[in-house]
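Visitor: Each chain, letter by letter, is given below.
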Amino acid sequence: MKKVHVTTTVNGDPVEFLADPRETLLDCLRNHLDLTGTKEGCGTGDCGACSVTLDGTLVCSCLVLGVEAEGKKVETIEGMASEGELHPLQRQFIEHAALQCGFCTPGILVAAKSLLEQNPDPSESEIRFWLAGNLCRCTGYDKIVRAVQDAAAEMRGAA
Amino acid sequence: MARVHLWSSLRRFAEGQEVVEVEGATVGQIFDALARTYPGLAPAIAAGLSVAVDGEVIANSRSAPVRPDSEVYLLQRLKGG
Amino acid sequence: MAKDEITKGYKLVGTRPNRPDGLDKVTGRARYGADFSLPGMLWAAVVRSPHAHAKIKRIDATKALALDGVKAVVTRADLPTGLEGEDLNLQENTLAGEKALYDGHAVAAVAATSALLAQDAARLIEVEYEVIPHVTDVDAAMQPGAPVIREGAADYSVPEGMHPNVVRHMEFGHGDVVAGFAAADIVREETYKTEATHQGYIEPHACVGQMGEDGRGEMWVCTQGHWYIRRMCAAVLGIEAANLRVTPSEIGGGFGGKTTIFMEPLALALSKKAGGRPVKLVMSRAEVLRATGPTASASMDVKIGMKKDGTVTAGQVMFRMQGGAFVGMSPIGEALPCAFACYDIPALKHEAVEVLTNRPKAAAYRAPGSPMAAFAVESLMDEMCRELGLDPIDVRLKNAAKEGSKSSYGPVYNRIGLVETLEAAKAHPNYAIPLGPNQGRGVASGFWFNHGGETSVSLAIGEDGTVQVSIGTPDIGGSRASIALMTAETLGIPYENVRVNVVETGALGVNEPTHGSRATFASGKAAVEAARQAIKEMCRRAAAEWEIEPEAVEWKDGAAQPAGPNAGKFPPMTIAEIGAKMGGTGGPISGHHETNAGGVGASFGTHVVDVEVDPETGRTTVLRYLVVQDAGTAIHPAYVEGQYQGGAAQGIGWALNEEYVYGADGRLQNTVFLDYRIPVASDLPMIDTVIVEVPNPGHPYGVRGVGETGITPPLPALAGAVAAAAGVRLRSLPMSPPKVLAAIKAARQA
Amino acid sequence: MRYHTPTSFQEAARLAAASGGLLRYLAGGTDVLVQMRAGMVQPDELIDLKHIPGVFDISRNADGGWRIGVAVPGRVLGAHEALCGDWPGVVEGMNLVGSTQVQGRATLTGNLCNGSPAADSVPGLVAAGATVTITGPDGSREVPVEAIPTGPGRTVLKKGELISAITLPPRGAHGGDAYLRFIPRTEMDIAVVGAAVNVTLDGDRIAKARVALGAVAPTVLLVEAAAKAIVGSTLDEAALDRLAAASSAAAKPISDKRGTVEFRVDVVGVLARRAAKIAYDRAKGMSK
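Chains as they are written, first to last, in the numbering used here: chain A, 27 to 185; chain B, 2 to 82; chain C, 2 to 751; chain D, 11 to 298.
There may be inaccurate statements among the hints.
[Claimed, not checked] Using 27 Å as the maximum straight-line C-alpha spacing, the simulated BS3-like pairs for lysine-lysine come out as follows:
1) D:K267 to C:K746
2) C:K746 to D:K262
3) D:K60 to A:K29
4) A:K28 to D:K267
5) C:K308 to C:K407
6) D:K60 to C:K746
7) C:K64 to A:K28
8) A:K99 to D:K60
For the record, the hints were derived by calculation from the structure and aren't laboratory data. All figures in this text were calculated on a predicted structure; none of them were measured in a lab.
Take these sequences, add in the hints, and give me the full structure.
Guide: Encoded structure:
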């Protein structure tokens, strides 16, 4: 099957890869670009572990084809900390023990960052519904929601 | 001799007794003595058993000590998640 | 080992430092099963049976092998013969032999140069089946006409005259139940059912395996126990354990489901056939749901006798459980002892059978067997409390097991904390919040044995006085942090100066998996012992330096110090000073400890839940949730809370919406997270926790283990809350809206 | 699989008409990619419509109605204030599809063309009286939304045809719509039952109504008897009872892994009743 040459931007870096048109953006990130921080939990858009942003929109990278990334801007968990400085969400997740196995964590962080960019002061309910597509089986979500709340407060204070 | 409590479905292999007395200073020695005295129990022991010795559950240790006056309960081999 | 005196006033134990693996996990750097690759690596795909029960007449891989880039195909014919017992079970589940035993049973596997090519090749492997009758329900499988899944599979325990699908039987008890029931004011008997549920870890099974023609191999795998992987792969493939080196990845959840193998030997067998090229095998979610996990489904009769004041006079259970098409997989041996473990009851009779069905080989799931047993027994307790108008916590307090009580399964309890959890639940503000219309409150208690097990830990002092601890229990919930805390506490050094690594099979003696709530208990206990051994050596080095007797040196605040005035006056020699000089004072300093850890402390918890039920749709909303559990000592309270909250969330899912749905054709209907409905963030409230600490005398810091008990009470607690809210008692899980609405309608018509 | 990026619907239609194998269109991809992943569908041709100008546009027509491009994702729809003001029921139906992540991609057109009787956005479109433009090799035609699905997974679209836009009629004064669905969880499930109600008031009385039900038949149902039950009423209890009864009577569901016949028949009446109240309040300007 003929592969397609794809040129795109990931976390600000220009990248190129050859994609089988059946491969998802998730496959391409993980297997062609070695960006394995984005996880596959289901492959059907039900778990959110593969969350990335595509031109600023939060999506499941398992529901995007690699070839669709042509000319777009992709942001993944690997781009969340800037120059060695953790994003407040990353720091709060560690401090709140908001992760156990940590497998869902990259997707939840990417999704939560996208939430706070649009709604700097979300209610508990808004956080829970925004993150409803990010399954976590370890924590019962309690500490995740609290970490997002505290990160939001910190970011509002810092702004 | 240690008193070994058998669960009901094991008793038919020990002449119907609920409690049998066997010699042994360790769990392994107790198992061996049981299998010698009541050969019908050998498959159950071979399949793997846990025990409680004087209240302490021992999932899988032949070397755990047993005193002459110990109360030993045989349990199905425990597994956890 | 002598029991340690429990002391309070720790410097580090009980604090909440950041976990050592936190940074890697929030930046995406942590490497899980599928995140590992090797040069020259191939990808594998598995062909699975679409039938619940079928004879395999022919497998033809000609077309698949004809594709460019396809390197190897394996079928059962490639595996050794002559295995017995659980080894045969494992091999049979890895690849079907004469029969496919469930929908999703692996039949063949293929390795190719890309994942897509492997999947294309798998579709080209032709399998000819002869479909034969199947059965998936535990009760149906015991009926006289039910298809026999395996002739002669029953073990020694099964009395004559039972259906061939009944393969294990267990019975025990104490006291006179006939007299006990006669002494009761009310005697109730009900039947309860629970459906199978999946552990639901978000990370699918994944491994990379490499094996040469000489039978030597390596594996990188997500697992709860890499020595189990090694032993099981070696057994299935007929190789020597020492020739397989297994490295655990970070693990994306396990909950018991990753204590065994499912497809790992396939990666090795394919690698060997493909000339030793490494092979990556990653399951899809549908494969995970169809062919791994799940837990057993159960059908359970319970009979309880109670006096008007709530005193339980006798109890009796008959459990029927299926764990798939493989003997020994249902947790009857755990469910029965757990059934009445919370109570001190003079007369008890327990009986259970294990039944084969055409379902996947069940695996352990968080407190295996205990949630089902609790659903049955605690639900009936609750029904009787309501019938008699008694407070459910008071009744539990009246019957609660305590130190010195004879447990339901025989032995006498040492110090346990059930009463303390009940008292804390009763005193909690949640228990007094007034409820509105269509709202109800449920209470239940739960139990888990906890476990010690085979454990090997090694500890090495660095040249700068920092310490590396090598453990063999993969860290799922934060155990590296808790073991570092205990090690640092013992050595009297900062938490940050201890690094705990989960190491591969070549680096330590055999370790059981992280199961049975044992990692912090057993690896922690061994780490403390290893630290004490290193302390002894460090004191000896200091003594030699000071030219005094080793007995005259004591270890305090991270340094060797002269003990008492007669030892002489020397400034403390810190661990850093000892480490810096150790090359010249006798060589490396380390400590190690190997044990089959005893001293396990049983775990109890009590949950209180409030729900609201929509009487028009049968939908249940969880309003608030309280977990109270005895941790013994909470080494890292944040991760103890995390275990409580996670267990409760899984229990809520099991109670309300999770279930394996089989069609009439025996195929699993819900193979994706869309329809296997685990709780999402918007389904749950904050989960309140109270950590009760009744230290376990069998652990140097009083640890009991906290991982499993939390999943046990939610099932009956939710059932009680729904009964209180909607006026209907659901005796069958899950309490999905169609079931609840049907019950409400039936109650209205009655 | 060949991947195509046509820049006009005519080109897409020509590609589709010329295709000899299995063909799928790609807009949001939230159904197609799942089906590919599950091995249910192995397309030979995949036609990505997102390179066609205008597919991301939401525009108001001269008559006050709306034209919605085929690649407009749910999130963009939900963020469009004027559209939400006119047709909140249509938008809330779409916004119930999947997670936040899925909302970043999933489209009305895709939800419709997937042909699921449980599609959350379709009852709202049907109740609203929406139409779609079908472009084929021989030109375009306008078809009511309810005529598109012909059974689970099947549509009226012929080889070489595809939907090129969705049109919502002008809202007009004193109108309101609403959509409710039942799922066991709070998010992430497929509708077990769905009900959309669209009303136009004359004073306090309902002058016109359309009621559409989801997941209770092989296709989304437009139920005239249910509409009749409330037309002329002020949505009093008696009217609501008639609405619920008519909705339940129209339901011809199956029992499956998501719900039973009895449950769907009962709950569709409950939801129709609840949705009607919301639509009525919106028409009165009492709530959004």
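Visitor: Would you mind marking each hint as holding or not holding in the structure?
Guide: Hint-by-hint comparison with the structure:
no.: 1; hint: D:K267 to C:K746; in the structure: holds (21 Å)
no.: 2; hint: C:K746 to D:K262; in the structure: holds (20 Å)
no.: 3; hint: D:K60 to A:K29; in the structure: holds (20 Å)
no.: 4; hint: A:K28 to D:K267; in the structure: violated (40 Å)
no.: 5; hint: C:K308 to C:K407; in the structure: holds (20 Å)
no.: 6; hint: D:K60 to C:K746; in the structure: violated (49 Å)
no.: 7; hint: C:K64 to A:K28; in the structure: holds (21 Å)
no.: 8; hint: A:K99 to D:K60; in the structure: holds (16 Å)
In the structure shown, a violation is registered for the earlier hints numbered 4 and 6, in ascending order.
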